[in-house]
Amino acid sequence: MPLPRAILFDLDDTLISAYERPDVAWRAVIAEVGTLLEPADPERALGAIEACAREFWSDAARHQHWRQRLAEARRVIVAGAARALARDGQPHWSEQAGVRLADRFTAYREERMALFPGAHRTLDALRSAGVRLALVTNGAAATQRPKIERFELAHRFAHVQIEGEHGFCKPEERAYRHALAALDVQAHEAWMVGDNLEWEVSAPQRLGIYSIWNDTQRVGLPADSRVQPDRIIERLEQPRLQAFHQIVQLLDNREIRIHRLVDDGVHRHLGAPAEQVRVAHQPVARRVAGRA
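Going by my numbering, the letters in the sequence shown line up with residues 1 to 292, in that order.
To be clear, the hints were calculated from the coordinates, so they are not data collected in a lab. Where is the CB? At the ideal position from N, CA and C, for every residue including glycine. Please note that the accuracy of each hint is not assured.
Estimated spans, in silico, between C-beta atoms of each pair [unchecked claim]: (1) Glu-95 / Val-227: 38 to 46 Å; (2) Gly-47 / Val-99: 19 to 27 Å; (3) Glu-95 / Arg-121: 40 to 48 Å.
Use the sequences and the hints to build the structure in full.
See below:
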């Protein structure tokens, strides 16, 4: 398979480390704020917040509304967790403490966002090879545009498409069609790369776009998944960051070699057709963009 005429890239947890492992982030912030949540037990606090966040983000319509208001959404989630603890007769935190916790979580996420190693090199190599690139990301302009500028991505794309600037989003069909039209290509001439099985695999596949799933947590497809990516790529766990996969070499007319860049500069082959990739032994819930 030769390189396509165009590739549509997702942003969060594809090019930059942004929203992975909210459980780890919440645990760190709860430990950081210490006595702020007293008399609530830290582990019960974490469990209540995680449960509330899962329920909150599981509804597609609610997800679309609140991802435009992330900081406020986190306040709503923390307040809901406190109410849940109170209903169960458990100690919980005050409204003021909840606001401070949610806002610290938002700041924590911002502080730890980072470009995946090799991302710039991958994009630059693809552009040099003549591949037209589009960045297609959901979220508010006030949230997404600063990331794009912060990580020096805008000039690397022929087209940048932010939900909050365009008024439509993945997985709406017009989101992909608009990006394709901006690049002046047809669906069968393009690839989509991203970490969300619905937004970057299932929906674009329905239009005829070759879809590559970025399995950010290396868990494999859920055992009951009806979504079958055309290709699956992974990232190596690093002490602070996840490495980004780099497409570096066209092997022949049947296969692309996909590499991942590791900290010591050694490249390892890991690309595999979807049917050859392992499936996790335990079912994994379909992931939504859990930005809590």
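These are the hints, each one checked on the structure:
no.	hint	result
1	Glu-95 / Val-227: 38 to 46 Å	holds, 40 Å
2	Gly-47 / Val-99: 19 to 27 Å	holds, 20 Å
3	Glu-95 / Arg-121: 40 to 48 Å	holds, 47 Å
This entry satisfies every hint, going by the numbered hints stated previously.
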